[in-house]
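Asker: Residues per chain, in single letters:
Number of protein chains: 2
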Amino acid sequence: MTTPKTLAIVGTGMIGCSFAAALRQNHPHEFSRILGYSAGKSSEKAKELGHIDETASLEEIFQVADVILLATPLLVMEKIIQNSPPPHKDQLIIDAGSVKNFVLQVAKKSWKENATYFVPCHPIAGLERTGPEVADPHLFENKRVIITPDEETCVEKINYASKLWQMCNAKIYTMTACKHDAILSKVSHLPHLLSFALVAGQYERDGDSCFQWSAGGFKDFTRIASSNPKMWHDICLTNPTEITNALDDYINDLQKLKSLVQEKRSGTIEELFLQSKEARDNFYQSIDRSKLKL
Amino acid sequence: MTTPKTLAIVGTGMIGCSFAAALRQNHPHEFSRILGYSAGKSSEKAKELGHIDETASLEEIFQVADVILLATPLLVMEKIIQNSPPPHKDQLIIDAGSVKNFVLQVAKKSWKENATYFVPCHPIAGLERTGPEVADPHLFENKRVIITPDEETCVEKINYASKLWQMCNAKIYTMTACKHDAILSKVSHLPHLLSFALVAGQYERDGDSCFQWSAGGFKDFTRIASSNPKMWHDICLTNPTEITNALDDYINDLQKLKSLVQEKRSGTIEELFLQSKEARDNFYQSIDRSKLKL
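Same order as they appear, the protein sequences are chains E and S.
For the first sequence, position 133 matches number 117 in our numbering, and the numbering has no gaps at all.
For the second sequence, position 284 matches number 268 in our numbering, and the numbering has no gaps at all.
This is chain E alone, in the form it adopts within the complex (with noise of 0.2 Å):
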């Protein structure tokens, strides 16, 4: 028989909730109490909605949880980290950043040999809506998880991190956090700044007259310009080298195909559109082919 564990959501929004709500549903047993931290009101909320037992401070929680996921925009992740003792050997502390080195590099820094028992965890998972409401015990069924731990980090903590990532039905992968933080600038962080910044810059050169003439295009490249302007911020403010070196090649790659369209190269202009059509549609028809989720 095993201790009974108390499983502990500081950031209750729509990815604590989710995880919370996963395990509960998927391994009732694992956790006999479930407690949750939100800086406003949506602790109040998961509990309403049964994805946590009880709201704690966080006080409590970094005393009594075995596990603790945090799950809030990456500026306060480093606030709380940079406040908490460290985790001692019982226990577990996995995040859900999007960022992964700067979350690395602030727990090792506050919480010296022990950040031994942190696992940098990033489910790709998002969407652009947000909070406690969207919670959904499917949410990562299928979805990625990846982990970003570094050679002192614990190994039978990677296990267990990677244990509860499973119970959620995740796929789990490893790499290093720099790694991960220069793929994800590419597939992730660039097109999300690409779309906020096309639609302010538009709004602000034309007000939303423009935008009526738009169509289903539209609506779908501007989608993630919907989602949470505090945790994108966040991105920007802890991966900006690995940033503005996307933004660097997208800026190349756009004054390319300005040239290309004023001196109307025509074979070029077809072959860049096809290739990427071809790389987009393979791409896709190999994912419909394996059972991963996007």
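Simulated from the structure, these hints should not be mistaken for lab results.
Predicted, not measured: the structure shown is a model, and the values here were computed from it.
Among the hints, a few may not be true.
One copy or two, it doesn't matter: identical chains are merged, so the pair holds either way.
To be verified - Heads up, simulated DMTMM-like pairs for lysine to aspartate or glutamate below, C-alpha to C-alpha not over 20 Å straight-line: (1) Lys248 / Asp232; (2) Lys92 / Glu254; (3) Lys277 / Asp204; (4) Lys277 / Glu140; (5) Lys214 / Glu254; (6) Lys92 / Asp134; (7) Lys155 / Asp120; (8) Lys155 / Asp37; (9) Lys275 / Asp74; (10) Lys163 / Asp233; (11) Lys214 / Glu255; (12) Lys277 / Asp120; (13) Lys96 / Glu14; (14) Lys277 / Glu43; (15) Lys(-11) / Asp74; (16) Lys214 / Glu262; (17) Lys147 / Asp134; (18) Lys96 / Glu28; (19) Lys92 / Asp192; (20) Lys63 / Glu254; (21) Lys(-11) / Glu14; (22) Lys93 / Glu188; (23) Lys25 / Asp120.
Please build the complex by placing chain S on the supplied structure of chain E, with the hints as guidance.
Answerer: Relative to the frame of chain E, chain S by itself:
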């Protein structure tokens, strides 16, 4: 009793066949016969699927049809207009191209004063899928069709063109061709180019190893990169000035955003993202309240 009329679809793809299917379904007595032409085999497929009654040559179509819809890529349309006899007073020619001033000028140059029987139209109802197989008689329902005549266009023909699109349950708007091209360059042409450029650039640098870490945001953002390369090539070559202007503005916006990230201008970044989210959310809420479909 009115004389039985013949409709002809030049370019029997998704748009052309949807127009034929909508008219046949909603107003079966408007046209007694529907002809179709395609350079490839799509007109045979369109006949098989019942969207058109007979395939026909361009020569026959311009001789016998009462109404002709030009629904090919723009540079194909240019050649067809240049090589066809001018419409006569009992004919109406409309098109469905995404760039309007180019088509209008080609028609005026080729057909001289008889270009008065040509009414440039743009149904805002694109899809990234193409071909008669994905045609849908409901495609234009509550969608917008922009009609861009000039002061020389025959009013009676404008009215009949409007009536035909209304028979497809579309909403009709009128503006100048130049205004159309400026607006659409911002809300349609630019996003398509941005999406093509993102996929092509990343694929060139990293192959598709990069895409595999993407999520739903990337998928939606790049959906329009799966659009018809030939069609978008033609849009670039027929609306180059407006497109390069839109690209210039956007590159400028990205340069500014890059500086904000580099300089960690926290307040300005969050404000920009918030403005973008609010502008987008407000716009789509207003669309949800209207009966328009984007």
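Asker: Work down the list of hints and note, for each, if the structure agrees.
Answerer: Right, here's what the structure says about each hint:
Proximity of Lys248 and Asp232 under a CA criterion of 20 Å is satisfied inter-copy only: 16 Å between copies versus 24 Å inside one chain copy. Neither within a single protomer nor between protomers do Lys92 and Glu254 lie at most 20 Å apart by alpha-carbon distance, with minima of 50 Å and 28 Å respectively. Proximity of Lys277 to Asp204 under the C-alpha cut-off of 20 Å is found in both arrangements, the shortest distances being 18 Å within a copy and 14 Å between copies. Taking the closest pair of Cα atoms, Lys277 and Glu140 never come within 20 Å of each other, the shortest separation being 28 Å inside a single copy and 53 Å across copies.
In this assembly of identical chains, Lys214 and Glu254 lie within 20 Å of each other by CA distance solely across copies; the values are 6 Å between and 39 Å within a copy. Taking the closest pair of Cα atoms, Lys92 and Asp134 come within 20 Å of each other only inside a single copy of the chain (10 Å); across copies the shortest separation is 69 Å, beyond that limit. For the identical chains of this complex, Lys155 and Asp120 are intra-copy neighbours only, at 17 Å inside a copy versus 38 Å across copies, given an alpha-carbon limit of 20 Å. For the homomeric pair Lys155 and Asp37, neither the shortest alpha-carbon distance inside one copy (27 Å) nor that between copies (52 Å) is at most 20 Å.
Taking the closest pair of Cα atoms, Lys275 and Asp74 never come within 20 Å of each other, the shortest separation being 35 Å inside a single copy and 58 Å across copies. For a Cα distance limit of 20 Å, the shortest separation of Lys163 from Asp233 inside one copy, 17 Å, qualifies, whereas the shortest one across copies, 32 Å, does not. Within a single copy, Lys214 and Glu255 get their C-alpha atoms only as close as 39 Å, which misses the 20 Å cut-off; across copies the closest is 9 Å, which meets it. Only within a single protomer do Lys277 and Asp120 lie at most 20 Å apart by alpha-carbon distance; the minimum there is 15 Å, versus 29 Å between protomers.
Proximity of Lys96 to Glu14 under the C-alpha cut-off of 20 Å is found in neither arrangement, the shortest distances being 29 Å within a copy and 80 Å between copies. For the homomeric pair Lys277 and Glu43, neither the shortest alpha-carbon distance inside one copy (37 Å) nor that between copies (51 Å) is at most 20 Å. For a Cα distance limit of 20 Å, the shortest separation of Lys(-11) from Asp74 inside one copy, 11 Å, qualifies, whereas the shortest one across copies, 83 Å, does not. Within a single copy, Lys214 and Glu262 get their C-alpha atoms only as close as 35 Å, which misses the 20 Å cut-off; across copies the closest is 13 Å, which meets it.
Proximity of Lys147 to Asp134 under the C-alpha cut-off of 20 Å is restricted to the intra-copy arrangement: shortest distance 18 Å within a copy versus 67 Å between copies. Taking the closest pair of Cα atoms, Lys96 and Glu28 never come within 20 Å of each other, the shortest separation being 33 Å inside a single copy and 72 Å across copies. For the homomeric pair Lys92 and Asp192, neither the shortest alpha-carbon distance inside one copy (46 Å) nor that between copies (33 Å) is at most 20 Å. Proximity of Lys63 and Glu254 under a CA criterion of 20 Å is satisfied inter-copy only: 18 Å between copies versus 50 Å inside one chain copy.
Within a single copy, Lys(-11) and Glu14 get their C-alpha atoms as close as 7 Å, which meets the 20 Å cut-off; across copies the closest is 73 Å, which misses it. In the homo-oligomer, the alpha carbons of Lys93 and Glu188 never lie at most 20 Å apart, since the shortest distance is 41 Å inside one protomer and 38 Å across protomers. Taking the shortest alpha-carbon separations for Lys25 and Asp120, only the intra-copy value of 19 Å comes in at or below 20 Å, while the best inter-copy value is 47 Å.
Against the hints set out earlier in the document, violations occur for numbers 2, 4, 8, 9, 13, 14, 18, 19 and 22.
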